[in-house]
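Peer 1: Chains as they are written, first to last, in full-length UniProt numbering: chain A, 1 to 318; chain B, 1 to 318; chain C, 1 to 318; chain D, 1 to 318; chain E, 1 to 318; chain F, 1 to 318.
Treat the hints as calculated values from the structure; they're not laboratory data.
Fair warning: there could be bad hints in the mix.
Claimed, not checked - With a straight-line Cα cutoff of 20 Å, these simulated EDC-like cross-link-like pairs (lysine to aspartate or glutamate) come out:
{"#": "1", "chain 1": "F", "residue 1": "K124", "chain 2": "E", "residue 2": "E176"}
{"#": "2", "chain 1": "F", "residue 1": "K32", "chain 2": "A", "residue 2": "D12"}
{"#": "3", "chain 1": "B", "residue 1": "K172", "chain 2": "D", "residue 2": "E176"}
{"#": "4", "chain 1": "D", "residue 1": "K175", "chain 2": "B", "residue 2": "E47"}
{"#": "5", "chain 1": "B", "residue 1": "K289", "chain 2": "B", "residue 2": "E47"}
{"#": "6", "chain 1": "B", "residue 1": "K214", "chain 2": "A", "residue 2": "D236"}
{"#": "7", "chain 1": "F", "residue 1": "K175", "chain 2": "E", "residue 2": "E65"}
Protein chains: 6
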Amino acid sequence: MKKGISNHQIGDAFDDFMLIKSSTKGVASNGKPFLTLVLRDATGEIEAKLWEATKEDEQTFIAEELARITGEVNQFRGKAQLKIQSIRPAQPTDGVKASDFVEKAPVSQEDLMERITEAIFEMKNPNLQRITRHFVKMYQEALLTYPAAVKNHHEYVSGLAHHIVSMLNLAKELKELYPDLDQDLLYAGIILHDLGKLKELSGAATPSYTLEGKLIGHIPMMVEEIGAVATELGIDGEEVTMLQHMVLSHHGKAEWGSPKPPLIREAEMLHLIDLVDAKMNMLNRSLDKVQPGEFTERLFAMDNRSFYKPLFADQYKE
Amino acid sequence: MKKGISNHQIGDAFDDFMLIKSSTKGVASNGKPFLTLVLRDATGEIEAKLWEATKEDEQTFIAEELARITGEVNQFRGKAQLKIQSIRPAQPTDGVKASDFVEKAPVSQEDLMERITEAIFEMKNPNLQRITRHFVKMYQEALLTYPAAVKNHHEYVSGLAHHIVSMLNLAKELKELYPDLDQDLLYAGIILHDLGKLKELSGAATPSYTLEGKLIGHIPMMVEEIGAVATELGIDGEEVTMLQHMVLSHHGKAEWGSPKPPLIREAEMLHLIDLVDAKMNMLNRSLDKVQPGEFTERLFAMDNRSFYKPLFADQYKE
Amino acid sequence: MKKGISNHQIGDAFDDFMLIKSSTKGVASNGKPFLTLVLRDATGEIEAKLWEATKEDEQTFIAEELARITGEVNQFRGKAQLKIQSIRPAQPTDGVKASDFVEKAPVSQEDLMERITEAIFEMKNPNLQRITRHFVKMYQEALLTYPAAVKNHHEYVSGLAHHIVSMLNLAKELKELYPDLDQDLLYAGIILHDLGKLKELSGAATPSYTLEGKLIGHIPMMVEEIGAVATELGIDGEEVTMLQHMVLSHHGKAEWGSPKPPLIREAEMLHLIDLVDAKMNMLNRSLDKVQPGEFTERLFAMDNRSFYKPLFADQYKE
Amino acid sequence: MKKGISNHQIGDAFDDFMLIKSSTKGVASNGKPFLTLVLRDATGEIEAKLWEATKEDEQTFIAEELARITGEVNQFRGKAQLKIQSIRPAQPTDGVKASDFVEKAPVSQEDLMERITEAIFEMKNPNLQRITRHFVKMYQEALLTYPAAVKNHHEYVSGLAHHIVSMLNLAKELKELYPDLDQDLLYAGIILHDLGKLKELSGAATPSYTLEGKLIGHIPMMVEEIGAVATELGIDGEEVTMLQHMVLSHHGKAEWGSPKPPLIREAEMLHLIDLVDAKMNMLNRSLDKVQPGEFTERLFAMDNRSFYKPLFADQYKE
Amino acid sequence: MKKGISNHQIGDAFDDFMLIKSSTKGVASNGKPFLTLVLRDATGEIEAKLWEATKEDEQTFIAEELARITGEVNQFRGKAQLKIQSIRPAQPTDGVKASDFVEKAPVSQEDLMERITEAIFEMKNPNLQRITRHFVKMYQEALLTYPAAVKNHHEYVSGLAHHIVSMLNLAKELKELYPDLDQDLLYAGIILHDLGKLKELSGAATPSYTLEGKLIGHIPMMVEEIGAVATELGIDGEEVTMLQHMVLSHHGKAEWGSPKPPLIREAEMLHLIDLVDAKMNMLNRSLDKVQPGEFTERLFAMDNRSFYKPLFADQYKE
Amino acid sequence: MKKGISNHQIGDAFDDFMLIKSSTKGVASNGKPFLTLVLRDATGEIEAKLWEATKEDEQTFIAEELARITGEVNQFRGKAQLKIQSIRPAQPTDGVKASDFVEKAPVSQEDLMERITEAIFEMKNPNLQRITRHFVKMYQEALLTYPAAVKNHHEYVSGLAHHIVSMLNLAKELKELYPDLDQDLLYAGIILHDLGKLKELSGAATPSYTLEGKLIGHIPMMVEEIGAVATELGIDGEEVTMLQHMVLSHHGKAEWGSPKPPLIREAEMLHLIDLVDAKMNMLNRSLDKVQPGEFTERLFAMDNRSFYKPLFADQYKE
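With the rest of the complex left out, here is chain A (with noise of 0.2 Å):
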């Protein structure tokens, strides 16, 4: 099997099928265009420039295109950068699909969707049932399609359910340890907590932010959706508020978006098991590319720190 573009290694051969994610025009400094092309395949993505391109490879090579491409791995400033040798467009003989090229949550989209269900027929309180259970009806098939984020954490297709059913697993157990918790409104929280992206977000696939996105975002707008379903449920106990207190709070701070910080227990736990899933899933995939002694690439959203995997790491492993 071939292996895909992350795993090359500078000066590597390269001969597959690509995703074209973005596709620009330039014009080099003898004055002919070239392409810059950002490719991607399950694994991940590499920059590559098509020099001397011509009319018509602008109008073949554009973006949710596939092509065949062969070539080299090279390094330009620190960063892998594909030369190529030769392109042309994919075939429907090829027998590819665009949809092989895109990175996937690693549990199938009937587990997530079996986990959620499963929480939510769990839930004694009939309000939080009934709030959560329309929400999950009503985005169903976005919900399960949709990344958690741009870019970051769980930025990958069904990455949102995959970040909710994480948090899920995680909250089971903190109830186990806590009982105290309120394993409903926990529950709630993280299956709500985030909903708001799918109408923040343009699309599951290569996703953008909406025009309600850029300036609203998707707290409030979360925040109000709740109001409008209690609203067409007829529920207004205390139940809406804490829920809308658990999605408006669940940054934690004023300065990282959340205009009230975390009021209830349940709020403030909702904020930490979203840290800790979030933290977990970029640390797990940075360190999966990096060998024992070596460090990873800086990490963005950790305060751009770059985190070492230790000599021992795989040696006690069962």
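Knowing the structure of chain A, use the given hints to seat chains B, C, D, E and F on it.
Peer 2: Below, chains B, C, D, E and F without anything else, positioned relative to chain A:
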């Protein structure tokens, strides 16, 4: 006519009716109970001690009641304190009523309402006009009596409407000077920006924060309500998002409670107009209490600054 | 059975033994001396004033002594204060002992020790296991009695061991959810992270800071001690540096006392687990004191927030 | 009439005169020298590359010279760049002059001067009037040509006077709304607040910082100069200190360059009026360049925000 | 010889003359007036209460008067307080004078003046020498009596000159170690850096801030004055700007009151020398009051730190 | 004698030997490989491009090798760049050696060692003397060759010892001016404060950070080592804690890497002496490169400031 409590100097004798704002029991070092009363009239507040208070005193002199008090204005830890010599509850025959003992805006509710109505009438954009008119109608009574804040600025009866009207006047002039401004949007933003306080605060006279106020806050509450009203009125143009954005961003920065900073011209101006009017209200009221050549008390909401009134302040006034 | 001081309301009569935590002489405005006593039992503390104290009182009612007190719980500046009506020193025949008047962890020292021993037993990495076991053996007695902190969280007898065991349990679950975590490293980091406090603090019961604690602090002291123990045991693999790094970085940021931020995955998780358990300890103990629908007192170590207990908090509990 | 450079789109052909703002020699990767020219006309600037430049080109195409250029507008790293096809120096017979290629205030110098004179004429306080008149007379020529800043706002010929006049107009309206304001003090503060820039900057057209500007700054320089002028005019009332204070504090905070914050009402308003006018100038000029439904480029001096122009922006304009 | 107030312990009897620094009337909880006196001698200050004060007491025991007091040193809220047993005003026959009751520099005014004169004499740069000499002559009397600050460091009679002389000595040594330093510039900067305080403060003995001090501050005032003196002396070389820059930047950062940071080598050193001498003055005076093995009181101007005096502090002294 | 690379101007021809500091392969836009060489001699560094580099070039011109180069100094993006015309590896017959191509302290290792030895000899406190002497003996060779830092200040061979000796000289003078200082403690702190860098950095010539350096840092590493040495020498007086505290706190604040701020007088002075000497080293070396009337390049470690050398800088020098 009797002068109010704010116009008494240290050492003055006092003999007048006062409204009891709060009453707290304590035990003196000699073991005897006493009451700490916060008293107010239309000009301001003063603390008073009722030593050796009986059980009956405790039940008589409670918050929201009026009392006739004689005594002397002393100083305690740098603040004026009323030393009570005699106190009796007000009688129906005294002809005093509580509403005369609270501070009010210097403009009548009718005039305030008229100016707001006029601003709505001038609007050309029907979406903005309908939403704004709906809110004003829905909340008219509260809007005309609530303060704009619990403390710091416009913290008096009709303070919110007074603040709105001052800001509308300011906006009208700015529109003259900067004709590119969208007057409808600015007017609508001004009228709605703080309406969430009608739900954040418990009442017009001695307001405290509601549970929703504490856990959600007036900004997200109002964003939600604009969404609900727009749905109710069947309006879904970009005006709804812009209005929500203006309310959301009017504190200017995340750390001041606005999860998004102003991202449209009118939102930026709304934020600045709000600042100008709030600051002028605080400054004028503090400077009114001092003589030329003196400094005001420290103003907490203005970075704890103490402002100077120049010696020539009144010299060239018409 | 008698209820503890924390369960008294303002106005309640009081008649019970208490442990004197501190005793300070003052002079009242009438020129007579009095004593300010801080009294405690296993449920909490209260301040009390003994007016017109004699020389004998001064010498009798001193820190660490027990006394039988009758009086009434009053309020002073918003805090409960015990008004003493009578007081006498405890007699041998009273059958009370000081150790019953301090707060303790809700788990026995035996159970705590067992869980720590079990965690060490599970380790596969011999270097980590030997170092950790050495420390636990060396400090066993103090480890089982010291608080985790002077105030804020786990500030009771056996608090440190209680905190360690809760964190070990949390770590065990995290390892299930994120199998890439190095359990041995995480366990060792958890057990050792705060052991420096055994030298930073003066004792288990009423701890104060030692000179070394004030000038060096528990983090660098423990880093040094891990180095010394490793030398003593003849261990010099990378495990020593990793353990030192985990202790060094567990406060997360330089401004919180960690000269290096976490730079390995397990150090990042140690920091987060520490946060989760400390916060849950503070939250649970504060929320236990209020009824549904009420807010807790302000929690200094949680950004001075006051937390709300929802009305439906106990409604769906099993 | 020919459209300016700011109105060209990527891909447009270009054929017009431009003023050379700067010219820098470089060596291309083929070892041949080239010139990087920054070109401007009254509407804006563009960068251009003149490849394979001869020694003669180097001496001909230098800063402050005019040239006739044909070429094409390309994109380079997200910014427009002019690809030069032919270039020749402007001839006397071309009838173009440098002063037509710089941006100017949209109001004539005569009108600006008239408004400033009128404001001084209205003053009733003779001390303030004499000092202000003295400065305006002394610096009249520079005052009418200098920009208000090197970049960000009013950074064009007569920008300083334009800024002053806008602020005077704003102040006039504020005085109407808040009659307690001392109009003379506010007018004097507005006219003088940035006059130090006439010494801080090297000239009106392509200003750089003088040595005194870099080491002392316009604020302390102007405070000093007010003192000197007052001495010269024999004025020593409190007005001198107040004027110095207004200049000194008009940046609002120590970290923004004002060693004292505003401590008189008019100083606070001067700071806010300055903000309002500077921001409106930046916003209007950026929004003019985009269509409804688009965002502006990021505005560095406004916290790097990108502003949105609503779709309905021009819909209800008269 | 009698020991000063700073050398009394809690519990000591007291019988001596004191200077009254301030006297404030209060009303006790028994309704009777009392005076809070702040008393001082050459070693320090103490607060005292004069209970049941008569009208006559009020008029006799006022600020700036001397009184003979007997009493006892007690503790109140952790601070020493003098309990007055008897008090009488000082008589001419007592032979005490106010100037003996204030703290003074440990060096005579003659010696201080001589060292400053010597430093000016050593200068080779005539411009710097003339300006500095002019200022010293003009302000000689105040310069030799003013404190360097109202509190924190060198806050005693002749404190400013003492601070200048210490800094000159430090600068002389630095010049030896770093010969590139411009000694003339450094000396001139040291002598002038705080002279603005002679106008910022109201006097030498019990200084308060003048209006100009509050609204302009000593730094911009001195920058202005250097400019005026240079004009008067007909000096306009770069030395004037450099001297102004050194005064302007000597607080190091905008947020500490310097609108420009140091931008020449000697300005950077002036800032550091100022820090070293101010801190040594605070540290030495605080450490003098404690024994080896003790901590000082918290020093507000040193980030509220409490400093330790090692046990071996005096062991190896010659 | 040949002038070094730092003394070349843009446009100068170049013909000399250089040490290759690093060599990186790149691919030009024409597809041909090139080498980016960083070259250095005892006066500084320069970047150079070797276009169309052969495989042999790649293997010949590598880090740590010497080469004879002719070419021309050009400018690229505002920095000097050497355009290589010819290059050949150095031959044994050329008689050049690498150690002549690195920057060194301006004082010989013998003189540095002598001054350090003398300072230890002067100590009267035997505990401090023994510990310090032990460290100097143990690390003598590294101590005399390592730089004080990787960049910014004293970043040359013997830089650490040079920094220590300058600080000792400064301390000697401070002791004269402030006789209360404990000279032994200050000397010991100065000699040891940065010795942890001998383990934090990989070597003297082209130092990088070790793993322990990255994960623990030189401060905690040195605190640990002082503890170990004291144990080894059987010393346990308070001197050990004081020395550890001085090392620990010498960065001054938690956010600068010191988990405790200075809490003894000598620690505060150590921090300030360190600042003074590091800043003078940076300032002198930058100002040496510019002429009177010019500004230095921006100094990153001094808040990115650019310093001015006054026109009269050299005018009155002896």
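Peer 1: Against each hint, give a clear statement of whether it holds in the structure.
Peer 2: Going through the hints against the structure:
A hinted pair counts as satisfied when its Cα atoms are at most 20 Å apart, and K124 (chain F) with E176 (chain E) does not qualify at roughly 26 Å. The straight-line distance between the Cα atoms of K32 (chain F) and D12 (chain A) is roughly 17 Å, inside the 20 Å bound, and the hint therefore holds. For the given pair, K172 (chain B) sits about 12 Å from E176 (chain D) by alpha-carbon distance, which is consistent with the 20 Å threshold. The hinted pair formed by K175 (chain D) and E47 (chain B) fails the criterion: a straight-line CA distance of about 37 Å is larger than 20 Å.
A C-alpha spacing of about 19 Å is found between K289 (chain B) and E47 (chain B), which places the hinted pair at or below 20 Å, so the restraint holds. Taking the CA atoms of K214 (chain B) and D236 (chain A), the gap is about 17 Å. The hint holds against a cut of 20 Å. For the hint pairing K175 (chain F) with E65 (chain E), the CA-to-CA distance comes to about 41 Å; that exceeds 20 Å, so the pair is violated.
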